[in-house]
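Engineer: Next come the chains, spelled out residue by residue.
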Amino acid sequence: MNNRTLKKYFPIFVLPTLIAFMIAFVIPFIMGIYLSFCKFNTIRDAEWVGIKNYINIFSDDKTFVQALVRTVKFTVVSVVIINIGAFALALLLTRKLPGTNIFRTIFFMPNLIGGIVLGYIWKETLDTLTRKIFKLPFAYTGRNFGFWGLVLVMCWQLMGYMMIIYIAGIQNIPEDVMEAAKIDGATPFQILYKITIPLVMPSVTICLFLTLSNSFKLYDQNYALNGNSNKTSLLALDIYKTFYGASSYAEGRGQAKAVIFFIIVAVITFAQLGLTRSKEVES
Amino acid sequence: MSENEVKTEELTIPQKREDIPEPKIGAHAAKVIADTITIIVLTCLAILFLIPIAAVVMNSFKKKIYLAQNKGNAFELLTKKSWNGFKNYTEGAKAVGMTSAIKNSFIITIFAVIVLILLTAMTAWYLVRVKSKVTSIIYYGFVFSMVVPFQMVMFTMANLADMLGLTTVTGLIVLYVGFGAGMCVFMFSGFVKAIPIDVEEAAMIDGCNPLQTFFRVVVPMLRPTMITVAILESMWIWNDYLLPKLTLPTEVKTIPLAIDACTGSHGTYQLGWLMAMLVIAIIPIIIFYLSCQKHIIKGVAAGAVKG
Chain B
1 MNNRTLKKYF
11 PIFVLPTLIA
21 FMIAFVIPFI
31 MGIYLSFCKF
41 NTIRDAEWVG
51 IKNYINIFSD
61 DKTFVQALVR
71 TVKFTVVSVV
81 IINIGAFALA
91 LLLTRKLPGT
101 NIFRTIFFMP
111 NLIGGIVLGY
121 IWKETLDTLT
131 RKIFKLPFAY
141 TGRNFGFWGL
151 VLVMCWQLMG
161 YMMIIYIAGI
171 QNIPEDVMEA
181 AKIDGATPFQ
191 ILYKITIPLV
201 MPSVTICLFL
211 TLSNSFKLYD
221 QNYALNGNSN
231 KTSLLALDIY
241 KTFYGASSYA
251 EGRGQAKAVI
261 FFIIVAVITF
271 AQLGLTRSKE
281 VES
Chain H
1001 MSENEVKTEE
1011 LTIPQKREDI
1021 PEPKIGAHAA
1031 KVIADTITII
1041 VLTCLAILFL
1051 IPIAAVVMNS
1061 FKKKIYLAQN
1071 KGNAFELLTK
1081 KSWNGFKNYT
1091 EGAKAVGMTS
1101 AIKNSFIITI
1111 FAVIVLILLT
1121 AMTAWYLVRV
1131 KSKVTSIIYY
1141 GFVFSMVVPF
1151 QMVMFTMANL
1161 ADMLGLTTVT
1171 GLIVLYVGFG
1181 AGMCVFMFSG
1191 FVKAIPIDVE
1201 EAAMIDGCNP
1211 LQTFFRVVVP
1221 MLRPTMITVA
1231 ILESMWIWND
1241 YLLPKLTLPT
1251 EVKTIPLAID
1261 ACTGSHGTYQ
1271 LGWLMAMLVI
1281 AIIPIIIFYL
1291 SCQKHIIKGV
1301 AAGAVKG
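Chains as they are written, first to last, in the working numbering: chain B, 1 to 283; chain H, 1001 to 1307.
Do not rely on the hints blindly, as some may be mistaken.
To give an idea of the chain B side of the interface with chain H (calculated C-beta under 8 Å), a few residues [stated by the list, open to error]:
1) Phe-25
2) Val-80
3) Ile-84
Pairs of lysine-lysine, BS3-like flavour, derived with a Cα cap of 30 Å [said to hold, decoys possible]:
4) Lys-1245/H with Lys-123/B
5) Lys-194/B with Lys-1298/H
6) Lys-8/B with Lys-1131/H
7) Lys-8/B with Lys-1133/H
For the record, the hints were derived by calculation from the structure and aren't laboratory data.
Backbone N, C-alpha and C define an ideal beta-carbon position, used for all residues, glycine too.
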């Protein structure tokens, strides 16, 4: 390739994307880090205050630590439930039964519906379920159902998605391995534990991290389902509320929270990259 | 001839089967029972999956009083008494400006995705083919942006967009191109690396300039990836709520913003409107899904592996 000719085309090939990228990401990101050490209302009236914002998050403003604990809990619960459920569905749908395609279509569909629409669909459903059908004393906006309601919505949305990935993984298992195990007299449970699960481990890693980062960064569903209650805010919603909430000059704290949020997400992502890389080497 | 062929096949198949030990009758019956139970379980689950959507569709046709907090039951079947026709649809759409929201959502999604795919494919190709310090810094910049959650840049981006006058539909498209560039460049460069360079070199020797080479040689080879990326990005942009909420002025809405507006102030808005608007919001998604299901499932699975 004649690199020198191509090189001259930088303004056409790269510059437009780069300008948009600068406006939408690079400049906001750098300013975001700087502003987390400032007191400000808009980006023009920033005043350097050092690490005061970070100290405030952990001393005065209790919502951040609470939201962090809640987010970790929520993430663990939904990752476990979603993956077990999705794997079970995938096992059932790879048995070559009639109607498999219809089931797959139905289970996957909620994944395409956006968080806001999904959240409001479930808000009304949960409301009727709790108040009218089971006559529970607390409503979905209360402490208890908010958390579990969110888990339920998350399962509804992500199970079909993870199921698709698990199905692909199971279908990739060479058929002769299965045949050999059957001829050797392995029971279905032995096949599951000794063959299916070890061989779909790459899909498991992908799904674990996808559900992990999706649950950890959850915003839309959380906002739609229980945006008006502080007691069920996850991290992303808590950051939004700090920025755009009622208290004045809280923006610095919001930005500091956002930086910590970013660091946690980055650590999770790099852990994922490291894990998938090492897995690839093994196989 | 053809009859003979069929007959020989019929004859050979049973012969082959004799090699395999015959399954016991008990085992066969057990399999039938297990299959039946599986199908019943799956059907129940599928119904549970669909109930919330079905309830919303049904309730979108109910009169206000049948949806009231303390009176109605959202799972009560629609009757002649509670039937409200399409009133919720027409009144709701008028109240929240759904028609213009649908228009905006389509404009933003279609244009942002087309511009995004075109520009980032060009960028990715350039970054892979021209090796220098600058290009690798730019490339890693794009990759890095994939790790950063939206909340990190949310406030500053909205402020900057305001200062630059990007708080319009066109401005929003620019922001989507910028914020989506990271993942697109990453996915495209992965595939460009796998394309043999010889074809491009041949095109260059034959006198194509880089633009011609890109559009006539590279784009046709990138097409499957472009479809995958386009599906992933359009799902994101179509459903996105926060970015348009933070940048667009309140009177300009996309579908998620219009849905949110249905719940705005309790006195003036009705639950039936919300239901009707939810149905309107779901219809395009279901049409999109059923019409290109294969591409979507493939794309989503590919996106999972890459990102």
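Engineer: If a hint holds in the structure, say so; if it does not, say that too.
Structural biologist: Hints, one by one, checked against the model:
1. Phe-25: 5 Å, holds
2. Val-80: At about 18 Å, which exceeds the 8 Å cut-off, the nearest Cβ of chain H leaves the hint on Val-80/B violated.
3. Ile-84: At 14 Å from the nearest chain H Cβ, Ile-84/B fails the 8 Å test, so the hint is violated.
4. Lys-1245/H with Lys-123/B: This hinted pair holds, its Cα atoms lying about 21 Å apart.
5. Lys-194/B with Lys-1298/H: 28 Å, holds
6. Lys-8/B with Lys-1131/H: 13 Å, holds
7. Lys-8/B with Lys-1133/H: Roughly 16 Å between the alpha carbons, so the hint for Lys-8/B and Lys-1133/H holds.
Hint violations for this structure: numbers 2 and 3, all remaining hints satisfied.
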